[in-house]
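Visitor: Now for the letters of each chain:
Protein chains: 2
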Amino acid sequence: SRFSHCKVRIPRPHGKSFVHRSELKQAKRIVVKLGSAVVTRDECGLALGRLASIVEQVAMLQNQGREMMIVTSGAVAFGKQRLRHEILLSQSVRQALHSGQNQLKEMVIPVLEARACAAAGQSGLMALYEAMFTQYSTCTAQILVTNLDFHDEQKRRNLNSTLHELLRMNIVPIINTNDAVVPPPVPNSDLQGVNVISIKDNDSLAARLAVEMKADLLIALSDVEGLYDSPPGTDDAKLIDIFYPGDQQSITFGTKSRVGSGGMEAKVKAALWALQGGTSVVIANGTHPKVTGHVITDIVEGKKVGTFFSEVKPAGPTVEQQTEMARHAGRALASLDPEQRGEIICCLAELLTEKKDEILSANRRDMELANSSGRLSQPLIDRLSLSTAKLNSLAIGLRQLAVSSRDSVGRVLRRTRVANNLELEQITVPIGVLLVIFESRPDCLPQVAALAIASGNALLLKGGKEASNTNKILHQLTQEALSIHGVADAIQLVSTREEVEDLCRLDKLIDLIIPRGSSQLVRTIQRAAKGIPVLGHSEGICHVYIDNDASIDKAIDVDSKCDYPAACNAMETLLIHRDLLRTPIFDQIIDMLRTENVKIHAGPRFASYLTFSPSEVKSLRTEYGDLECCIEVVDSMQDAVDHIHKYGSSHTDVIITENEETAEQFLQQVDSACVFWNASSRFADGYRFGLGAEVGISTARIHARGPVGLEGLLTTKWVLRGEGHTAADFSEQGSMKYLHENIPVPQGSFS
Amino acid sequence: SRFSHCKVRIPRPHGKSFVHRSELKQAKRIVVKLGSAVVTRDECGLALGRLASIVEQVAMLQNQGREMMIVTSGAVAFGKQRLRHEILLSQSVRQALHSGQNQLKEMVIPVLEARACAAAGQSGLMALYEAMFTQYSTCTAQILVTNLDFHDEQKRRNLNSTLHELLRMNIVPIINTNDAVVPPPVPNSDLQGVNVISIKDNDSLAARLAVEMKADLLIALSDVEGLYDSPPGTDDAKLIDIFYPGDQQSITFGTKSRVGSGGMEAKVKAALWALQGGTSVVIANGTHPKVTGHVITDIVEGKKVGTFFSEVKPAGPTVEQQTEMARHAGRALASLDPEQRGEIICCLAELLTEKKDEILSANRRDMELANSSGRLSQPLIDRLSLSTAKLNSLAIGLRQLAVSSRDSVGRVLRRTRVANNLELEQITVPIGVLLVIFESRPDCLPQVAALAIASGNALLLKGGKEASNTNKILHQLTQEALSIHGVADAIQLVSTREEVEDLCRLDKLIDLIIPRGSSQLVRTIQRAAKGIPVLGHSEGICHVYIDNDASIDKAIDVDSKCDYPAACNAMETLLIHRDLLRTPIFDQIIDMLRTENVKIHAGPRFASYLTFSPSEVKSLRTEYGDLECCIEVVDSMQDAVDHIHKYGSSHTDVIITENEETAEQFLQQVDSACVFWNASSRFADGYRFGLGAEVGISTARIHARGPVGLEGLLTTKWVLRGEGHTAADFSEQGSMKYLHENIPVPQGSFS
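Chains as they are written, first to last, in the UniProt record's numbering: chain W, 1 to 751; chain L, 1 to 751.
Source of the hints: derived by calculation from the structure; they are not laboratory data.
Among the clues, some could well be false.
If several chains are the same, the list does not tell them apart, and a pair holds so long as it fits within one copy or across any two.
Unchecked claim - Straight-line alpha carbon distances no greater than 20 Å define the calculated SDA-like cross-link-like pairs of lysine to any residue that follow:
1. Lys-646 with Ala-329
2. Lys-530 with Glu-320
3. Lys-269 with Ser-619
4. Lys-508 with Gly-531
5. Lys-214 with Ser-161
6. Lys-530 with Asp-507
7. Lys-472 with Thr-496
8. Lys-465 with Ile-381
Please work from the sequences and hints to get the whole structure.
Guide: Pasting the structure below:
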């Protein structure tokens, strides 16, 4: 309620529009303009669901301590429903008197005069707003104005002081044009069945009002996504994220628009007018079903919704432009010789040691900021810090990668003689544009960059704010290395201002997202990434099964749990064969875990065997990620397999046994990315597997599964070379026959 | 409006509840019960957005000619907001008189009596409903009842006739408990800050009313998804899709529930009571943000939302059970010897010829139904029909596949000596459970089944209704073949009643979806499949570029366009080098296309070169899929590549040239799944590539790209065999060192 939440006091900025979307969070006084397309449905009633969600958002922002104003359409639509109803009723009474029959369905619906509709609808519309806002303990007030009111100095001053008084009392003014008194109606076909005034979207009214009231932000909602650089629907039309007045000549407006009389051009004019007056403007779609629920709050939170108008041209390219540049330069990178890609990586390795003073000094600045802000936990600060030793080992790793990069791109996987003089090759090629999102650790940057270079992929890097200075210099060095072969733009560092969620929506531009960080980060991104595949591990519920034929000297379970308990390949559940209970082996297992301070939770069956059992598990699907694990009893190897299939996450599962037959059955049957016999689950790792570079661990079932090396960053391409072959040549009447001979491919063949 | 839509007259079924969800479409009289969790927000106001969307759905169904009734909660919540506001105002006046200061924020909010809240809120709630329904030209009426009213015969009859009269007049009755007169309030902590009566979810009221009014369907919305077989949140809890009274003992109810006093058990009791009275019941979540917008209409359309109560136990397993059975048997299939899988496929091939009479007779039944219904177009009917010849060639294809299946599963791709006695293998394994959705062609079934068998995958088959008889017998034969090695359940035929959209949501159960059919089908499924990868081609905008060094005898462009214009690998845009314009070659190209009746559209540059140009293209990204194509002029090979990157879909692109250097540059630079030199785009096809079996063509960039053979149905698994190795052994203090030696893998090695 407004009484409990209105403590948030946002300092009012000083009458200047904002430069970046991220600053919109500071907007205190906000005008929300609802175009007729937002407020009304196709059938001319009100779009109640949208209105309700808009009211909810406005009330929420008001309760945060902001001063909200609404400029709304909708009175005509509301009134039309009402008047039509009345007329039909009176007609039906007349008809009933005449014929005694109910002929409602055949009656002609009269054409209604729009100003009458507006007058009849205004009270109902306001009542609806009031009923809705009441649900959020928010008071509303009705203001009817015409554009002329702004030209009369006295009226203008009265309006101004009234609105200020309302805002002071924490009331949301709802402003509408006084349609009942405006000039004569002009027919408009937007609303069928009713001869309405041309519903000028209240754009200029809203802009005037916003400037008059020195609002910080004007949110203008209509039924288009925002401003496009060409008429929407044409081949090259792109939604403009940030528009600044100097860009105006680069826009081609369409000749027609469904929206309002002046269409987008009028909207832009109004927006620029508001901008000049010191009010920031966002034009966005308020009818999109997926985003309606939070379009207003998203805009105020600085998310990329619609088009943001800024007086200052943003420095540097947009992320969309960066992606284009990266894809373009990435294609050049992919067409280099493998040796040249190796040279770039070696050059980067050298720069890491050569420029170590600059790197470490940038890193110190990040560390100081992190320490002084006090917002980072100690483990995060540790991961943020670089050292000469770390840089040296990074450089060594990079040089190794340079070697293994030699045979990644353009490798021939398959060669087929399809027919005489028609030869097919399947070769490895880069996936395209990768987006790697990493937290804290800046040493991730050169590693990931080297992986992308080695595989010929373009790369967008999104690092954490806390490492921005370090990431910046590391990225500069990467571009310096790339420039030795003229492909500096292939790797781009995304501004820290960009929201991860916004990046995850660039499904036409990005081919694969790789989150490097906690499984929480991975899950967040998997949810956000609509239409872009994500390579990463979502969950690691790993099991170690101790068979009745296990040898006790193999303390694999302890290593699996304790070597690094937070890792996704650490053991979470220990399965023990029933026959081992109450044997010395069992006692030793428990003792070893206790020595390492592992907190034990009992599975239901295990608990039933014990007189005094440890706390019973809440779920057998728990990922503890700490010095904790679950112990459960199983009847047999088969029972263990069933348990793993039911409760596991198909990551890594281990059997400890001396019985080879049992082991092989387990290895065959368990349907997980990694299945081990007498080896710690901790080996499930790209480096330990000897894959050279570690891209990550994948819990997906397609493309790459388990630890992923460079190969996970490659896809394939089919190249067919003929001499004018057509499909018709191979028809029944044709002259050719398919041969489909496999041509042997010697290892290390390149296209 | 209700006057124009109320012509739909749905025949009333005869007082019996429905057996299948699909029958719910016929429900004429429907009671929608809105629990308090649906109507109210956390902060005790009304959930306006949800209410608005519910009103919209109810009005829509009413306008279809159904008789809708609403049983609602919410008066208390509405009244609470209202009363609290009043009290605060009166308090603030008193305080202002005392202190002259505004101390609103510090004031204590009084505890309100719930019956007073209900009385104060009822009128506002009804006003809100009325305002909302008015927007859909729908009248409402208010009915307040207590449970006792049903026990008084006179009252019951009055209520009954009132409601019937309202329904007759096309008015939506909105029913609420008369909270102001019900027994004394019981404290309840669900709504904070207000001492309310225990809001008994109006379940029993709604059930009584539904039976009394002989409603066909009761939709009970609360904040749980439906009925679970165990308390929700526990490891094994599964949402029950269809519940029938005999299942009651198999349900474990939780001890506590947030919802209402009796929780789910009370809901089920009420539901069963209604069911016995002849009213079908669906319990579903009305608060889920993603589905709220259409939960009611989805239920009435027969979609799988919540739990459906049916008096008759549905025959056969549910699709979830089928998936479980398939996964289980699929694992057994995967563990067979490759020879055994081959035997199953050969057996299926034999059955196709052996049982051809039965197959063809089933097929004839489908054809007759299709012809008599008249709903299928001729091309679809052609694709539906089978013949002895078709079956024979199917059998031949299957036998070929049986051979190539030998080396699919368990093939060793990589072998590494990680350390002494620690050996790693990467082997091929099936992906898991596939869902193949196909239209019309029943010959797809044995083909797809054989692919799944060859790759050791479990398979759900979803065929079209029009081929149900043919599909049924073909599936029986498939299971017969599978049963020779005891894995009959690995391939399941999904009932034609299942909605494709419902299947696409089974993301925990299905690993890969393969749509076989039009690109429209593929797109629909890509949109519907949340969280499950889809293998298929979404778009094929293929280019043929005729270089200035092209030889005219290579009529590849004509073949690319005309061999099968509807295919995704057919040419859509012909790019011509500028120098060829006004040469004999150019004239020949145009003549050849004209001879084949190809309709030509001109790209903007091409049009600018011509005096009389054909119609200019609307978009250079058009997939015509017919005897139509676009012609555009480019300056150079490089220009062609840029055009393809800008407007293409990375499917298949072709260069025609005699210049090898130009060709190789084109082949290297064009970033498409298939890039051809002097060969028709129509060769982009699994069979023509010699991949043996064709799974489909993929336009994805990961996993499988371009034509996909059996390999696209495989993933990998890492198998590590040690002797008790732990990660600690390899630490700085440890005794072991990583070797990472590649062990050569002879072709055809199996694990």
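Visitor: Against each hint, give a clear statement of whether it holds in the structure.
Guide: Status of the hints after comparison with the structure:
| no. | hint | in the structure |
| --- | --- | --- |
| 1 | Lys-646 with Ala-329 | between (47 Å within a copy, 15 Å between copies) |
| 2 | Lys-530 with Glu-320 | within (17 Å within a copy, 26 Å between copies) |
| 3 | Lys-269 with Ser-619 | neither (59 Å within a copy, 29 Å between copies) |
| 4 | Lys-508 with Gly-531 | both (9 Å within a copy, 18 Å between copies) |
| 5 | Lys-214 with Ser-161 | within (13 Å within a copy, 60 Å between copies) |
| 6 | Lys-530 with Asp-507 | both (7 Å within a copy, 15 Å between copies) |
| 7 | Lys-472 with Thr-496 | within (10 Å within a copy, 57 Å between copies) |
| 8 | Lys-465 with Ile-381 | within (13 Å within a copy, 61 Å between copies) |
Of the numbered hints stated above, the single one contradicted by the structure is hint 3.
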